[in-house]
Amino acid sequence: MSTGALILVLSSLLIIGGGLALFLWAFFNGQFDQIQKGSMLPFNEEEPAGKRTDQIFGDDDTLSEKEPYKGEEKTCGSRK
Amino acid sequence: MDPGSKQSPEYSVSELDRKARFVVLFLIMSGVFWLLFGTLLALVASLKMHMPDWLAASGWLTFGRVRPLHLNTMVYGWASLTGAGVALWLLSRLLKVPVMLRGYIILAGVLWNIALVVGSIQILAGGSRGIEWLEFPVSTMVVIVLCVIIMSASVLMMLAMRRVKQLYVSVWYLIAAFLWFPLLGLVSSLPIFDTPTVQAGMNWWYAHNALGLWFTPIGLAAAYYFIPKVLGRPIYSYGLSLLGFWGLALFYNWNGFHHLIGGPVPTWFVTISISASVMMVIPVVVVAVNHHMTVVGSFRAVVNSPTLRFVVFAAMSYTFVSLQGSMQALRSVNEVIHFTHFVVAHAHIGMYAFVTMMLFGACYYIIPRVTMREWHSKSLIKWHFWLTAIGVIIYAVALQGIGVFQGFAMIDPDVPFTDTVTMTVPYLVARSVSGILMAAGHLIFTWLMFRMVWRPGEQPATPLVWNKIKEEFAS
Ligand code: HEM
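Quick mapping for you: the protein sequence lines, in order, are chains A and B. Numbering of the first sequence is given in the numbering used here, commencing with residue 1 and proceeding in unit increments. Numbering of the second sequence is given in the numbering used here, commencing with residue 1 and proceeding in unit increments.
All clues stand as given, with none of them false.
Here are the in silico distance ranges between beta carbons for each label pair: (1) A:N29 to B:V415: 57 to 67 Å; (2) A:P48 to B:T197: 55 to 65 Å; (3) B:L111 to A:G18: 23 to 33 Å; (4) A:M40 to B:F299: 17 to 27 Å; (5) A:S2 to B:E335: 25 to 35 Å; (6) B:Y11 to A:L6: 38 to 48 Å; (7) B:L43 to A:D33: 49 to 59 Å; (8) B:L43 to A:L14: 34 to 44 Å; (9) B:K165 to A:L14: 22 to 32 Å.
Some chain A residues judged to face chain B by a derived CB distance under 7 Å, without partners named: (10) S2; (11) T3; (12) G4; (13) S12; (14) G19; (15) M40; (16) L41; (17) A49; (18) G50; (19) K51; (20) D54; (21) I56; (22) F57.
Honestly, the hints are just simulated from the structure, not real lab data. These numbers were taken from a predicted model, which means no experiment stands behind them. Virtual Cβ for every residue (Gly too), placed ideally from N, Cα, C.
So here's chain B without its partners, still in its complex pose (with noise of 0.2 Å):
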């Protein structure tokens, strides 16, 4: 019999969307105000690396300020917000049941909105932590983290209540996420980490688990859904799909310590993280090959689904982000790069032209199910599309050609400091074009939610919001 067959009724695909409908949204749109204002924060960081005199009188809006905000608002804003909607929607599909404890994820939500405020404030008034990623005060990181933590406590009372006995590979890539996710907030938010070097070794540790095992696995388990559902056609091989996540979650934990290549940390710690994220290889190759075998042949249906078109272009970043990033482990490549432009190119076709075009594909075919409204505009979505995509590849591009010079010149003692500073600022102002791109794409984005979520002049879908709360508690 299947697991919760005795407890949960049996519900359709409407139903589940239907029930999801608010949490989902709540979540989704909130991860949309958040993107529209780490682009805002983005632009003007990017504008003060070759205007420097602009804003200059204003302390607040330092690049030290605005460069942080920047990212911490990205990553447990828009990208976390959007991604735990994205991932409790396919939860739901997956496991057939409805997204459980709904009013207390809610409730979460507004507190994890509340906290990212005070963060940013907080940050803009300097008092940043002051460790890469982790910049928000401690405050924060934990309601983040407590916030997380009732989303797996629905995610596991999915899963005991769940109609289907075999688990979808994405919804394994999911509780894992779920699980690991608390674990590494609670950890970093320890007070023991007191002296530079352990600090920095936590730093890394967090960083990139917080990547690898939070977003990276919300991606994954993304493109898993929506490449087969799209197409009508199962995934090319289940096994292969199997191997990739027990890889990824074999080999990720150990990678951080690359991140600290040539610091003062011991040289095994390093040694071991360079080895695994070679091992990475294996896992990354596995899911191209299969992703790959599966979309092979059905190039006019990628092309003719709004969805697609971001997962795949995001799926054959995640290959060359994790290849890339497997070289840029090694040390004789990692002298060059390190401290370079190349790196930040790297982080956002990780974080942007992978994680972020996923979550956009995703809410492309999550919010008409949930809304049961139909998009505003095809040629704006089509507009979204290019933009990004190709403000994305130009950024990449430009920042990691010139990173490469920059780092040969960088460790090269005949080169004067300064020139390895001059020479990228043509490549920094064809970030800022690219980031202008880019920004227009989000809002255009921001349009057509905002039109799906309040279509003007209609008579609403749903209960007035705090009817709608209520009911949710008491479902």
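Just chain A, with the same shape it has in the complex (with noise of 0.2 Å):
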């Protein structure tokens, strides 16, 4: 095997190898055990779950739909 063909081989293992290494670093680490929690990683209490943003083309009727929300927002979210 040429040196070329090689270095991909290996790169390609590094790769995979680095894959695995943040594997078993999120799961010593914990990244896992409470994995259902994960999904409300990007709310806060700024900007909580229930409260849509970005909705700039709506009217109120769009308040009728089935998921949970309460209130929303009317801007681009810039909060002037």
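Hints given; two lone chains; assemble the complex.
Here is the structure:
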């Protein structure tokens, strides 16, 4: 095998190896302990789940949809 | 205790956005410049496909120079610079720390832009490296990779200083992207791929991984953030999202050699790639189910949000292009579609309908937050969406449709080769029309962005540019 091909195979193994190392770190760091809790990470007190943002084209009839949320921001969200 | 809680104070969302403002705007606006330049090159290249005599006297504007420069400016200018801006903003939000090394990133961004200008002149002057996706001279690639390494250092610092313990799935995708891409760029720049076969192997190992381990993770990270965020509804299954990420990390890297099916490379290389391509169905379907289940029942909220219009369109395109890709990788399918316009359409469903539309959507969310301003015109945003969405659909349908017929004609020994070319001409005209629609969309987007950043007649919200840069280094 030429040097180039060997480097390609080794680099591929490095990518996979890096992925595996990341996985082991995640496992032992407790990243998978309470998996479903992770889904709340994009939200916080300032921008809580249940509050839509970015609804700039809508009228109030959009409130009739079935999923739970309270109130609606009528701006792009620049908090003016 | 949360990592980093000793070192870094608690920041509000608006403080994080304010700190990210200059660096994110700089990267995204640079990207928009290259989007416009790349679009101009695209139109020239597309028109030349059915009007070959047009501009024929100018050596600098021959198809063989304009077409690779279109690809390189879109990939390393628009998608990479804007993608990096979006990625850094997402990381700041999700790790709850400001973007680190901001001054150095701006410096890196300036060098990156200079390298793109130099590389562009070299390609137009006929100095292309002659390797697809790597036509820029090695010097340009090395500068770009070094700039990404500075950003990777910033990402690692943000990780170390983070104020959350658990990492959101978008963060996983972005860490991976910032670690993988420098490796790809550096390996592909080594002067060791000297024989044509090994060079072709490196070419597709690099190019496929740039798609799968740089642009795709940035695109998916954005989808996993903006869909729940805009709907105010957590992602349907967080477990599935992690399965999707680890599936991509495990299978994508082996895909590259499916570009060389039938080529003079060891069969086992190609067979591994075909198997890995089919295995990609698992993470792709997992992502699709998760996004679908999160969005289902919220159609109006999607329509009412400029961000989600683009992001949902992009997420659907990701599913489509990837499942199509798994089929394309089968030997029986590949022998028909290889060397046809079908692959060009697939490439644009990936890089445009998925990656570019995702970046547009991300900009519609991020820019008002970092500038604290509202978009100038709602109807122009709608025009931008419909022009680009209809444009890319026409592009994909026209070229994939004729691509299949072209493929069958090319493997039929009774059909003269010239017939396989002339039969595509009406569809190439349709492609030019679609290109004009997309270009109009880009002009509108640029105008909207320009109005957000430099409002005519208004007192600037930020100090003069050089003071601002000094401030970024000081903080
Ligand atoms: C599971 C996912 C995917 C698989 C298995 C796949 C498969 C393929 C295959 C087999 C080809 C080569 C066809 C040929 O030349 O005969 C190809 C080309 C291409 N794909 Fe994909 N694809 C996938 C997803 C994507 C995505 C997400 C993007 C964009 C982000 C993308 C962008 C491209 C591009 C740009 C090309 C053309 C490369 C060139 O010839 O210049 N693909 N893909």
